[in-house]
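Chemist: Modelling step: build the complete structure from the supplied sequences, incorporating the hints.
Chain order of the listed sequences is A and B. Numbering-wise (full-length UniProt numbering), the first sequence opens with residue 1 and increments by one. Numbering-wise (full-length UniProt numbering), the second sequence opens with residue 1 and increments by one.
Treat the hints as calculated values from the structure; they're not laboratory data. Treat each hint with caution, since some may be false.
Claimed, not checked - Label-pair distances were calculated between CB atoms; the ranges are:
| no. | chain 1 | residue 1 | chain 2 | residue 2 | range |
| --- | --- | --- | --- | --- | --- |
| 1 | A | THR44 | B | LEU57 | 15 to 25 Å |
| 2 | A | GLN223 | B | CYS241 | 45 to 55 Å |
| 3 | B | ALA117 | A | ARG55 | 49 to 59 Å |
| 4 | A | THR44 | B | THR228 | 47 to 57 Å |
The model shown is predicted, which means the values in this text are computed figures rather than measured ones. Cβ coordinates follow ideal geometry from the N, Cα and C atoms, glycine included.
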Amino acid sequence: MTQKHDASVPHPSLGEEGSLLPRPTRRTVLTAGSAVLGGAGACTLAVPFLDSLRRTQASSAASTQEEAVMDVSVQDLDPGAHKIVVWQGLPVAIQHRTPEMIRALEDPALLAQLADPQSHTTQQPREAENPHRSLRAEYGVYVTICTHLGCVPNYRNIQSLPASGGFFCPCHGSQFDGAGRVLRNMPAPYNLPVPPLHFVDDHTIRLGESTISPHYSMNSIQQL
Amino acid sequence: MTDDTSTPATGWLDTRLPFLRPFCRHMARFPMPPVNLFWTLGACLLVAFGLMFVSGLFLSLHYQPDLARAFDSVEAIERRVPSGWLIRSLHTGGVSMLFAALYLHVGRGLWYGSYKAPRELVWLSGLFMMLLFMTTAFAGYVLPWGQMSYWGATVITHAVEAIPGIGHGLLVYLLGEDTLGGIALHRFFILHFTLGFIIAAVIGLHVLCLHGTGSSNPTLDGPRPDRTTRPFAPFHMVKDCLAVCVFLALFAVLVFFLPELLGELDNVIPANPLKTPADITPEWYLAPWFAMLRAIPSRLGGLAAAAASLLVLFILPWLDRSPCHNATFRPLVRVGMGLFFVAFFTLILAGLHGATPLWVWLSRLAMLVWFLVFLVVLPLSAYRERKKAGSSSRGETP
Chain A
1 MTQKHDASVP HPSLGEEGSL LPRPTRRTVL TAGSAVLGGA GACTLAVPFL DSLRRTQASS
61 AASTQEEAVM DVSVQDLDPG AHKIVVWQGL PVAIQHRTPE MIRALEDPAL LAQLADPQSH
121 TTQQPREAEN PHRSLRAEYG VYVTICTHLG CVPNYRNIQS LPASGGFFCP CHGSQFDGAG
181 RVLRNMPAPY NLPVPPLHFV DDHTIRLGES TISPHYSMNS IQQL
Chain B
1 MTDDTSTPAT GWLDTRLPFL RPFCRHMARF PMPPVNLFWT LGACLLVAFG LMFVSGLFLS
61 LHYQPDLARA FDSVEAIERR VPSGWLIRSL HTGGVSMLFA ALYLHVGRGL WYGSYKAPRE
121 LVWLSGLFMM LLFMTTAFAG YVLPWGQMSY WGATVITHAV EAIPGIGHGL LVYLLGEDTL
181 GGIALHRFFI LHFTLGFIIA AVIGLHVLCL HGTGSSNPTL DGPRPDRTTR PFAPFHMVKD
241 CLAVCVFLAL FAVLVFFLPE LLGELDNVIP ANPLKTPADI TPEWYLAPWF AMLRAIPSRL
301 GGLAAAAASL LVLFILPWLD RSPCHNATFR PLVRVGMGLF FVAFFTLILA GLHGATPLWV
361 WLSRLAMLVW FLVFLVVLPL SAYRERKKAG SSSRGETP
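Modeler: As structure tokens, this is what we get:
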């Protein structure tokens, strides 16, 4: 693909008679060079300013590490009741289900309304990929952060099947059933996440640690 | 509103923003007289102000104007905010660079008579801006809430108390409480922050005033007056760029190699309202007025003298009504201005030194020179020059 220059045809950049580009003068070269250097200088100057917007290193006094693992007693939680705890800055709803609530979660009429009834998307550890989306059917534990844009849904029965319980996001109206599963055609794309947990005894839930899926954490899920 | 040089893109803009292109053309083709290197200080000041403005904005993202947290937040900027040390160095070193260029710029105006008709508004807007800069610098110095911040602010705010009758009431009104505390600190922060934007507007006004009358010509009074002008771009733009490069190089030396040269060690000690540091030293750029406050053995007198030293500059265009501008060709003014520059420098040194009899007397002498030059030497020289100009013009046109 070598191309031989015909000496009689002037190269355009040489700026001969009838060329496309004018011959770059000394001034053009110096101006362009200064502009490039000045621009590079300005970009360099921008570095510390942009750098300062990074996360500030925590001071030794302020670095009080939050407990990664938290024990929650559910002794006082009667069947049908629920409570909200804060674990690692996240709101976690814990509900004590009645037998009819558990049954309602498997109602075909409900499953038909859900976007992901079988929990295919990784929003829960392996042991919670079941009809009631929890380690034990009597206790549903969900991080109540809407998978749409991060608001905190309230505990409220869904209208189509009140027996299953449910969550309702006040921001854009996403509805979830009692197992944190989002209904079809809602703004939220995924089910509410299930935190890693296991039961220390029958009345104590340890949040932040799963004995069955030791590698499962809030970083494993599709979306918080 | 388009002209022969407009392209489709700029033509689109010209139609919708018609003043932009004439303004740019005015800037680029602004006719400049044959000025010397001292006329590049304005460009240096603009760059210094820009750096102060940007670094200040970024510092304000991390600074907390709260009595309990101000000092720690500044420490956090120095130690924990990524590149925070550099941004703060730019800001604290920048103020010295800015005032150095500012005083040279004002000195240029004094020597070359840039304050004279028809440039009175250029001079007045510039002086007004200088007062704004001094206020901003003072307010900014309070913000780290170290020992020097606290005691410097205490001394200056108590100077307000010297005003007869309303002094104390005014002080409490300005501070928002009886003593210098959290409310005052918050006010100083808002004042410092807001003044940055006000100064930006006054810079626009200053440049607008200049473009109304044009730059003064230092050769007109000499033996070989040169009335040729050249367009600002590229001739003077390149010259300004050169000066800015040198200015930035000095700036970089100050920031990177001598970051503690101009800082006060006492200001890395948190403010303690029960213990005044052994020697209160102002920043060098405010030292002349500090020396004046100290040189007059009267609280109100010191305040009045410091205020008068600045006010006398405002009436300069009317004190000196000689047709001659350049001090180089005015023997009396040449000596007077030289003495004034020495006096100004002496006052800086006096302010930075302890209140020993030597420095107090030197301050008094320097103040005497300051007022004599502006109130006696300049008007006298102007009177003689006007008389001479009048007689010579009568001689030429009988």
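Chemist: So the hint says 47 to 57 Å: do the beta-carbon atoms of A:THR44 and B:THR228 match that?
Modeler: violated (39 Å)
Chemist: Between A:GLN223 and B:CYS241, does the C-beta distance stay in 45 to 55 Å?
Modeler: holds (52 Å)
Chemist: I want to verify a distance hint. Is the separation of the beta carbons of A:THR44 and B:LEU57 within 15 to 25 Å?
Modeler: holds (19 Å)
Chemist: Look at the Cβ atoms of B:ALA117 and A:ARG55 and judge whether their distance stays inside 49 to 59 Å.
Modeler: holds (57 Å)
Checked against the numbered hints given earlier, the structure breaks only hint 4 and satisfies all the rest.
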